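Residue numbers (numbering that gives the first Met the number 0), protein chains in the order written: chain A, 0 to 496; chain B, 0 to 496.
Do not rely on the hints blindly, as some may be mistaken.
One copy or any two copies: either way a pair holds, since identical chains are not told apart in the list.
[Stated by the list, open to error] Below, simulated BS3-like cross-link-like pairs (lysine-lysine); rule was C-alpha separation at most 30 Å, straight line:
1) Lys58 x Lys349
2) Lys142 x Lys78
3) Lys78 x Lys484
4) Lys52 x Lys142
5) Lys349 x Lys142
6) Lys420 x Lys457
7) Lys436 x Lys484
8) Lys494 x Lys420
Because the hints were derived from the structure by calculation, they are not lab data. Computed from a prediction, not measured in an experiment: that's the story for all the values here.
Chain residues, written in single-letter form:
There are 2 protein chains.
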Amino acid sequence: MKKHAIGITREENFADWYLEVVREADLAEHSGVRGCMIIKPWGYAIWERIQRKLDELIKATGHLNCYFPVFIPIELIQKEAGHVSGFAKEMAVVTHHRLIEQDGHLVPAAPLDSPLVIRPTSETMIGEAFARWISSYRDLPLKINQWGNAVRWEMRPRLFLRTTEFLWQEGHTAHATREEAIEETHQMLSVYREVAEGAMKIPVISGEKTPSERFPGADATHAIEAMMQDGRALQAGTSHFLGQNFSRAANIRFQDSNGETQFAYTTSWGASTRLVGAMIMTHGDDDGLRLPPRIAPYQVVILPIVRDPAAADSVISAARALSAQLANRHFADEPVRSHVDLREESVARKRWEWIKKGVPLICELGPRDLQAGTVEITRRDRVYDNRNTIGTEPLVGSVADLLSEIEGGLFGDARAMQQAKTRTDIHDFADFSDYFKNEEESGFVLAKWSGDPASEAKLVDLGVTIRCIPYEQSGTAGRCVLTGKPATIDTLFAKSY
Amino acid sequence: MKKHAIGITREENFADWYLEVVREADLAEHSGVRGCMIIKPWGYAIWERIQRKLDELIKATGHLNCYFPVFIPIELIQKEAGHVSGFAKEMAVVTHHRLIEQDGHLVPAAPLDSPLVIRPTSETMIGEAFARWISSYRDLPLKINQWGNAVRWEMRPRLFLRTTEFLWQEGHTAHATREEAIEETHQMLSVYREVAEGAMKIPVISGEKTPSERFPGADATHAIEAMMQDGRALQAGTSHFLGQNFSRAANIRFQDSNGETQFAYTTSWGASTRLVGAMIMTHGDDDGLRLPPRIAPYQVVILPIVRDPAAADSVISAARALSAQLANRHFADEPVRSHVDLREESVARKRWEWIKKGVPLICELGPRDLQAGTVEITRRDRVYDNRNTIGTEPLVGSVADLLSEIEGGLFGDARAMQQAKTRTDIHDFADFSDYFKNEEESGFVLAKWSGDPASEAKLVDLGVTIRCIPYEQSGTAGRCVLTGKPATIDTLFAKSY
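With the hints as constraints, model all of the structure from the sequences given.
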């Protein structure tokens with residue numbers, strides 16, 4: 000039987016495998032605060048790479064970063080709550096602003112006149128500012144973004160995927176016309192798609208949510224949906240067209256070029272640290288994480304073999320020289336990120352550590368390699384025992400091609416997995432129901448739907464939702480997979496995270 | 000009388016001038032939440048530049064970024080509080096995790112078993128993790144950093160300088176030896192100095208705090224102290240050697256190479272959004288902000304003059320071409336950040352806007368310039384009416400030199416101001432007291448001090464503190480400026496922010 004670096008395989012128990020990878024790759028851990036995680040250096044470095052890529056695209060599309068307070072007055076939430084039913088109410092509430100000592104214990108003191116909520120999202124806070132900042136059509140479009148933390152009290156937390164506190168960006172824009180706001184919504188979904196597919200190598204399906212799955216108060220919610228290796232879908236980014244709903248609640252008005260006062264059209268869109276979870280469940284294997292090169296904090300790790308003390312110095316120098324040469328090469332318009340691991344551990348142990356952490360290329364370099372001008376490389380997109388000896392010069396010369404091949408390979412694997420887990424041949428509810436009741440065989444079902452909201456009730460017992468109405472529509476007619484009625488809408492169903 | 004872009008001059012009222020600059024440069028504003036600010040795009044872009052520079056140096060010195068929860072269990076605070084008296088207790092306390100509707104109002108519900116505090120700083124949280132992560136000397140040094148928000152309830156908030164919520168980085172490290180931890184403390188203070196002087200062009204004095212001014216629980220606190228134009232000092236970064244105090248409270252122990260169990264030595268160090276305030280008060284003038292080029296979000300702004308519709312297209316094209324040429328040049332190892340302002344406003348209005356925002360170089364380009372191959376430039380380090388015509392090619396060729404001259408000029412001005420506001424000729428308490436009682440004439444006093452903590456009491460009524468014992472010591476003997484006793488320690492006194 001083949002041994003794997005992760006104690007439990009994906010097949011044995013996917014949920015446990017996931018937690019094991021998070022632990023073994025040293026990405027994050029639970030803190031003493033229920034539902035809140037500590038993101039450890041390797042996990043945070045991955046998040047920083049995702050963040051940088053996303054931030055570049057957010058800026059390139061004309062958005063400006065700002066920062067709004069983490070506290071939202073309860074009255075502002077109230078305003079939206081009056082407007083939007085279904086507003087999530089599981090939030091952290093600040094009621095006091097002092098601790099005092101009482102009988103040797105610290106207890107809350109100095110109650111606030113009115114409680115504050117830790118932002119679950121900032122539409123209310125930012126809407127209030129927009130109302131102050133916007134008075135004329137010349138102030139529009141107003142396109143801003145914020146990086147920060149947000150809190151939604153989670154009853155069933157799961158590292159990266161559902162945490163009480165999470166890190167994210169939330170974009171908020173206001174426009175003079177409906178058309179422009181809708182275009183913005185689509186543009187930002189494309190940005191998410193580019194980060195997911197281009198950088199993270201996660202294939203996604205873009206589409207619109209049904210009314211029942213919309214962000215509360217939105218006129219339309221768009222999302223990218225990814226397929227995980229256990230057959231569950233994961234929403235990897237959402238973009239909301241809010242119409243005039245939030246601008247009416249927050250009084251965001253402007254004078255148009257004819258001097259008429261109008262409500263602005265607003266949008267909001269966000270992506271969070273759950274993307275790290277998506278990457279693990281898309282690319283991970285039974286040896287741990289596999290990182291797409293654009294996201295990997297180190298793209299190459301070099302392990303000098305220094306068992307022979309006489310040769311140690313020259314081997315270490317050679318490893319450093321190789322690292323410097325690699326750092327002079329470019330991949331995806333950035334210098335190659337190379338690291339020499341000099342810790343006092345056995346090479347085998349270090350190799351396994353980096354395999355579990357998902358580094359795309361691991362190079363081992365010993366005294367014999369030095370003489371031969373070679374290194375032994377392990378490609379993380381291939382099985383772990385498939386090591387190769389390669390000349391140092393060819394390695395340096397071809398490192399960009401190798402990384403390119405690796406990211407192509409990861410995307411290819413993920414695409415094949417997504418396709419294998421997409422059924423397009425299920426046309427009636429009996430088959431649909433059997434499919435989703437069979438735990439072994441979950442995934443996407445792409446089938447016709449009538450568009451009747453009432454029919455979605457049939458999905459509840461199956462634990463299935465409509466993930467989206469994909470933009471890509473066949474235009475054919477058929478029968479609704481839920482009701483058997485005539486239907487034309489190609490619709491994506493799945494269980495989801 | 001000369002007119003200025005800021006409605007109130009520094010001389011008339013420095014505090015009001017400061018707020019006016021923040022408003023006119025569109026850096027930040029108060030939010031509806033007491034003490035919490037909204038950082039607007041220009042202010043946030045400045046912060047991002049400071050942050051990037053600091054982050055680079057933090058990483059270059061071997062620290063890894065992480066993220067710890069924003070919530071700290073009250074029990075952890077209690078642990079420190081037991082250990083450290085004088086722990087600040089003005090904090091935001093979360094007591095509930097739900098809002099429910101009652102009589103049409105949202106009210107807190109679902110009380111927590113035990114309240115949570117929003118982090119005022121993360122020693123407690125990170126100490127607990129360190130205790131779990133460290134078991135052997137091989138795990139040391141452990142050097143991490145966190146970027147995030149923190150909250151300390153402020154009774155007298157002031158934009159950027161003192162806000163209830165602020166953004167910052169907090170570094171936390173653990174070491175096997177006292178020497179190594181002390182070295183780390185000094186290294187990080189040097190990093191702050193490099194960012195302050197090298198990038199922000201703010202001259203600072205590095206030194207150690209007296210015991211009464213230490214971070215609660217620290218064995219030593221080191222700081223960089225800057226002088227503002229109103230004669231008040233501003234602490235621009237602090238680095239604490241925590242000895243074994245926090246490791247004893249949090250139980251951070253390791254087995255040394257002899258197999259003996261020891262407590263680790265820890266450090267912490269932080270710098271925050273108040274640095275933006277320091278920059279305003281160091282470099283600003285009566286026309287607004289003056290930004291050092293390494294920090295300026297745009298280093299050059301180009302204003303095309305398009306009054307003549309027939310020439311508009313060619314002027315705009317030329318402006319864009321100039322911007323692209325400038326962006327091909329490098330300053331301080333980065334492409335020059337150039338921006339063409341195409342908004343429909345008068346050139347005069349746009350020029351004043353960028354002057355107030357502090358852009359180092361403003362270029363105006365009209366049809367006549369186009370023919371002559373010139374632009375008209377305004378250098379923000381000079382008086383506003385000192386405009387110059389310069390050839391486009393020489394401008395592109397010398398832009399790095401110009402920016403270098405500007406940053407040199409800003410640093411020179413700031414250094415001259417700091418020196419003019421430093422008195423080294425005050426030797427007895429009568430003169431000392433007169434000096435600080437005269438509101439017009441505040442600044443640094445560098446004088447001898449005996450080192451007797453009791454003597455600091457004499458400073459309280461004057462509103463003065465010992466800012467630091469500078470590292471640079473003359474080694475001479477003299478008389479203590481507070482007590483008249485023999486004294487050798489050169490000491491820096493000032494009123495402060």
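Do the hints match the structure? See the list:
1. Proximity of Lys58 and Lys349 under a CA criterion of 30 Å is satisfied inter-copy only: 22 Å between copies versus 39 Å inside one chain copy.
2. Taking the shortest Cα distances, Lys142 and Lys78 sit within 30 Å of each other inside one copy (23 Å), while across copies they are farther apart (45 Å).
3. Taking the shortest Cα distances, Lys78 and Lys484 never come within 30 Å of each other, neither inside one copy (41 Å) nor across copies (65 Å).
4. Both within a single protomer and between protomers do Lys52 and Lys142 lie at most 30 Å apart by alpha-carbon distance, with minima of 18 Å and 26 Å respectively.
5. For a Cα distance limit of 30 Å, the shortest separation of Lys349 from Lys142 across copies, 20 Å, qualifies, whereas the shortest one inside one copy, 46 Å, does not.
6. Taking identical chains as interchangeable, the C-alpha atoms of Lys420 and Lys457 lie at most 30 Å apart only when both belong to the same chain, with a minimum of 22 Å there against 77 Å between chains.
7. In the homo-oligomer, the alpha carbons of Lys436 and Lys484 lie at most 30 Å apart inside one protomer (23 Å), although the nearest pairing across protomers, at 88 Å, exceeds that limit.
8. Proximity of Lys494 and Lys420 under a CA criterion of 30 Å is satisfied intra-copy only: 12 Å inside one chain copy versus 68 Å between copies.
Checked against the numbered hints given earlier, this structure breaks only hint 3.
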